[in-house]
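Fit chains B, C and D to the known structure of chain A by using the hints.
From first to last, the protein sequence lines are chains A, B, C and D. Counting from 796, one number per residue, gives the positions in the first sequence under my numbering. Counting from 286, one number per residue, gives the positions in the second sequence under my numbering. Counting from 1070, one number per residue, gives the positions in the third sequence under my numbering. Counting from 426, one number per residue, gives the positions in the fourth sequence under my numbering.
If you are wondering where the hints come from, they were derived from the structure by calculation, not from laboratory data. Think of the CB as a built atom: it goes at the ideal place given N, C-alpha and C, for glycine as much as any other residue.
Partial pick of chain C residues on the chain D-facing surface, computed with a CB cut under 8 Å:
# : residue
1 : A1660
2 : R1668
3 : L1681
4 : L1689
5 : V1690
6 : V1697
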Amino acid sequence: MDASNYLYVSALLFTIGAVGVVVRRNAIVVFMCIELMLNAANLSFVTFSRINGDLDGQVMAFFTMVVAACEVVVGLAIIVTIYRSRRSASVDDASLLKR
Amino acid sequence: MKWLTILMVLPLLGAAMISTLSKANEKAAKQLALATTLIVMAATIAMAVGFQRDNIDLQFVEKYSWIPSFGINFALGVDAIALVLILMSTILAPIVILAGWNEAHGGRWSVKTFYILILVLETMMIGVFAATDVFLFYVIFEAMLIPVYFLIGGYGTGERAAAAVKFLIYSLVGGLLMLASIIALYVMSGAQGGHTFDISELSKLTMSSTTQNLLFLGFFIAFAIKAPVWPFHTWLPDAAKAATPGTSVLLLGVLDKVGTYGMIRYCLTLFPEASKTFTPIILVLAVISIIYGAFLAIGAKDIKRLIAYTSISHFGFITMGIFAMTTQGHSGAILYMFNHGFSTAALFLVAGWMISRRGSSTIADFGGLQRVTPIMAWTFFVAGMSSLALPGLSSFVSEFLVLVGTFTRYPVHAIIATFGIVLAALYILIPVQRALHGPTTPGNETLSDLNLREKIAIAPVIAIIVVLGFYPAPLLKVINPAASHVISQMGFTDPAPTNGDK
Amino acid sequence: MTTSTSLVYLIALPLAGAALLLLGGRRTDKWGHLLATGLSASSFGVGAYQLLQMLGRSAEERPVSQKLFEWIHVGNFNVDAGLLLDQLSICFVLLITGVGTLIHIYSISYMSHDPDRRRFFAFLNLFIAAMLLLVLGDSYLNLYVGWEGVGLASYLLIGFWNQKPAYATASKKAFVMNRVGDMGLSFAIMIAFATMGTVSFTGVAEHAHHTSEAALTGMGIMLLVAAAGKSAQFPLQAWLGDAMAGPTPVSALIHAATMVTAGVYLITRSNFVFDAAPTAQLLVVIVGAITLMFGALIGTAKDDIKKALAASTMSQIGYMILAAGLGPVGYAFAIMHLLTHGFFKAGMFLGAGSVMHGMNDEVNMRKYGALRKFMPITFATFGLGYLAILGVPPFAGFYSKDMIIETAFNAGGVKGIILGCVTLIGAGITAFYMTRVIILTFTGTKRWDEDAHPHESPWLMWLPMAILAIGSVTSGFLLSRGDALVNWLHPLFAHHGEHEELLKPIVVSGLALTMVAIGIAVAFLKYSRNEVAHVAPENVSVFTKIARQDLMQDRFNEAIFMRPGQALTATLVATDNAVIDGTVRGIGQMAMGSGSALRGIQNGFVRSYAALILVGAVALVAAIWVVVQ
Amino acid sequence: MTFTAPVLSYALLSPMLILLGGALIGVLVEAFVSKALRPAVQLTLTLGSILLSFMQLWRIRGEQSLTAAMGSVVFDGPAALLQGSILIIAFISVFLIADTENFTALAAALPGSDEERHALQSGNQVTEVYPLTLFAVSGMLLFPVANDLITLFVALEMLSLPLYLMAGLSRRRRLASQESALKYFLLGAFSSAFFLFGAAYLYGFSSSISFSGIREAIVGGGGNDVLLLIGIAFLSIGLLFKVGAVPFHAWSPDVYQGAPTPVTAFMAAATKVAAFGAMLRIYYTVFANAQWSWTPVLSGIAIVTMLLGSLVAIAQRDVKRMLAYSSIAHAGFLLSGVIALNKAGLDATIFYLLAYGIATVGAFAVVTLVRDSSGEVTDLNRWRGLGKRSPFAATTFALFLLAFAGIPMTSGFIGKFSIFSAAYESGAKGVVIAGVLSSAIAAFFYIRVIVLMFFTDATEDGTSVEIPSILTRATVIIAAVITVALGVYPAPLLNFITDLAIFIR
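Isolated chain A (complex conformation) (with noise of 0.2 Å):
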């Protein structure tokens, strides 16, 4: 089977996260989206790992993992703080700042 199939699928997932992230309004859902575009990420750098067949891209995709949850960490917690002074976890409702 051809390997760049999954390069369609990952861009695919890709373009989904990046689309969700401009349409939805849930911080959390919001913050799922870029999540999947990471994995998206991920997932090309296993195929490409394939394709070249090396294992740098493995590796890289494992360090991506390990930020991501960093990520999930930091990310959470802000959201959290928002959420318990806002009473919503909407982010068109965190719009003090503008102009």
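Showing chains B, C and D alone in chain A's frame:
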């Protein structure tokens, strides 16, 4: 002896000493400033004595490496043109301080700040004319704006903030255009054997005519704004109206000269071809400035604005003389720069005294001053006469040289410009009639005449105006070699008598 | 050419006087006027001395020159402050200093009550110095200095009582219209330099013959413009009438005897230009002819005695200009009339001053009358001047004016006849209006205001008048005896072949006298027989009305120059603010506007920021794609 | 199978390791030291470790052209300079951070809750900001020396994550502060996703994650250009986001305004240095040979960035937002240095980064000084007449503004000149012209602020300027002195940079 550096350092020393004074001690600040400027003047004259007339090379040359990685040097040196202008600036400085003894009061900041700014400005006025390194010139050209900006905005009257901003923005825009050209020159010099900012080196650069034209414009517009040449002039009346008389004198008398000086020193030397290309357009602008400035002066209701507009007209003459490309025109223009410094100084200082006494700068508020304050009135009259270039006063020599020099190559321009002398009669005599003649208008009966300090301040100016009117030879002897050198460098020779092509 | 070291004193003495009195201030009030008079007199002394010296030398040795100092040397433009005293300028030197001194003396008494008498004398000295520089300068540029110098002095003296707004305006008007003339002079100088490379009289004289006629015509016309400005010739004549605002001695010295004749000097001095430029010369004649009629006509309608005299001055100078325009034959006569006119017109003006002095400065002749009895000396001197200007033999005018009329007729062809007739008619009209002046002022019944107590003026005033009167009796005879003046000036001008005489001199004199007689007769019929109205009657011919308004000259100038000028100024002021400054402000507004518009992007919604990034990403890829393709 | 232990050459990593060490200790201090001592200890610890790492950096600056950690980190001249700049900026920023007045006593507490009030009254001030700063700094140090995609990505996150948190720590206007944190975080993460995706495609193109490998692949050609171009594009997005270039700038005004001013100062200055450092390395070495593809696009972005930044800044009424937009404009200027792609450009950019960074810290430091009872006053209209009430604040702020405007005698002018001339030399005339033009526009609003401070009189609700803490004052003075010094006599630094700044490939 490092004359030029000394000249530049002295005012700074003075400023430093003043800054140590207490705010309350205003008198000391004034006296210190006056003393400093007097010393500088003496030093300048001493230097000028040692100047070799017939040597067309730069003299008193100094050169210190400043930013080697860009090939920038702190390089100074003067030719006749620069020398004359430095002389003018340093003579005007003490006069301005003495004349405007009390004009720092009523400013936003302390008196001592005012004099610190003035002295810093003097250093820059000397440096801008003495710089022989384009980068150094640009740095001073721009940095100079800041003290003036604060002098106008901090100590001026009326719409001072707005005027200051207008002045600064105009100048900065011009400066940035010049910066673009300078960058281009710098890069080209790098491509053609070593980054440098030395004028003489840069003048050797080879560049396509298109490039040369563009770079020329970059410089010229900057200078045309400074000078100011129509249509880049609208900042001047506002600035002159808002600024204190002393500041206005330095602004119109010295700073604006940087524009016309730059045209000679940079536009002509660096871009001879482009200068030739643009000469027709520039001459037209110059003629427009002459006539236009005169008409607006006639229409002016405010005495300071009026003087500003007359200057626009005079700068038209200077620009015309520069680009007429004849020795007469050129020498005339340079002499004109010097003379204009003093005739404008006279006008502005006396006007300043009138205004400070009357508390208004509207011409209509004066009237019959000749009866109330004869000395002040007659001083103003003499200043006015020199501004309309009455023979026997200094401006006549320069103005006539410019006209005759232009006529030999561009008769039409000269003829149109000559109509300016009729308009000049109007724009001087109208305020003279309104302010000095006629019955004394209510509120003026008690005005006081000039006091001793003011007399002492104005006397040398009038003296210079009269003496140079009858005996300009000493200055011309200095100027001529430089002028004809520029002309010949441009590859021009004075048109020979045509005998009407018979 | 002989050189001298003493010429400079001619100018230096009065100049020193002016400087001293102006800078000295009130301290010099007590003796200032005496000093000024003394200096002007001593200047006359120097002049007389120079004349004696000159007489002692042969014709070609007579011109004297003195180089004072290097003035303007730039490239091939070289002008020194140099003086030239030749047969022509000596005439002027003596006229200026002589009449000048007399008028100084007169003014001592005339101005004795004026607080600013010292300043007045300072200005008089300044004028003398400037006028001498005008006639002594050895190049057009030096002349130019004197030329504007006298303009300045005239401005200061016309406006001497400038607390009266009208007077201030008059002085301004005079200066500005003179500046128009000066402009012509500077054009002439530029042309001279551009074509001949020199501006000195001798230099131009040398080059003139191998310079194109076109250039010379241009220069000539410009010189004519200058002359018109200074000498109140058509079309720049309008200022002279108003110039009477000045104190009467000023009118006598500056606006009758000396300054206004500078135009004649300029044209005669530039004979080498005009002789080589027929067109310009013709224009000179035309201007002269027009002005002489113009002035004469105005003179007939003026009730203000000074204005009447001023009009007559205008017309008399018209004669001189016309004569100068006739070329070599005319120059000498122009000068002769200039000198005689200097005497009698100055005399009459001083007379007028004396009358005003007696009548509390009343100038309206309709309020005079029968003054003969009360101021006999004034009447006598004035009368002699009257006879002189009419050209009654053997008075001065007879010699000078008849010569001009005669030469005019002999100019040849139609031109000659027209000019001859014009000059003749002019003579007639002159007779009319001068007689009118005499009748209204000295004869008839009293029409004074109550408070008028006419009395004869003190000797300080009538002495100069008397001396001038003598001059106006004798000068003509002396100057023309054995063609004295003609021969004296002869070396300066091109030699000219004898014209065929159209009319014998005697015939011309006959015609002239007839015209004069008619003029006198008409005047008598009109004014002596019937009572003169106290105020100018309104039921007069349109012609008179127009004449009273100086033939509409002011209206013309206002309509053609002043109003359009003011309109233009207003427009430019508006444009400067609206268009030029507006553009600048507009650019500022634009930046502001676009700035606030772009702020809109920053709407605060994180999702739209993300969208922006997304769009940017796509755009970036697209851009790179485009670039690569 | 033999297993060789990796050579790390710790010497070269030591600057970063020291900071990380400091950070970890800081965390422990936060946990165990009594709240009375905590601030002092944290401050000394932070400053100490920064100082130490700087000294270490100075020691090793000579040992150029060495790679560490199996070539995943490269240490060359530019690296030394950039890390040095970052450390200097960080050092003076910490002075500002030390003014705890700006930070919430208890980030976890609800805004306005009793909990918070109590924490405040009992002086129970948490100081986690110090270790966070140190983490961020170490990330910034790593960013420009990273030599493969992994390190680059890790460094990116290492410097970003602490900043996300720090942005939310403001004591006053906490909602805004938290909001800015959220925005910064979401958008940051979003952009790093693009970054990562780009990295993946570069890997796909070159079958290598090391810069040298990618570069060789580009030089060698023959790869699939589509992958390369997408890679370049997406990787660039990540970097451009960090420097705040249009259209990836939207976050910066909001975050600059919302974050505590000391943090704003720190990230505005230091992040730019780090990000541009990384950009320089990547574009000058890795992508150098693909320049035909990206220079035009980057030029376009540079131009838009300059103009938009300057234009919008005119319309701002809040000091911090105005500075934010001005920093956007400056990002544009700096980009023209990247585009130049020549030695002059490299030197110029490095000089500019340091000069601009220091001026920025100084400017924000002044902002922290201008306060009233309810904390900082950032509304420009209330800055009227500041010159009267606080000459020190007004004068220094004016100086920094003039430096931003590029007026001669200030570091800003030298920077502008050198960077524009470099760009011109590379033939990017359009960029230079746009730069000059936007400088003119920019001058307009800088001057407007100066007028506000000096030439207009204060409104009745005059802003009171609190006596600044010694440290803040020190920051301002140091920044001012350096700004002037670099403007008047920049030769030494320029020479130093010129000698040192050579990338090893």
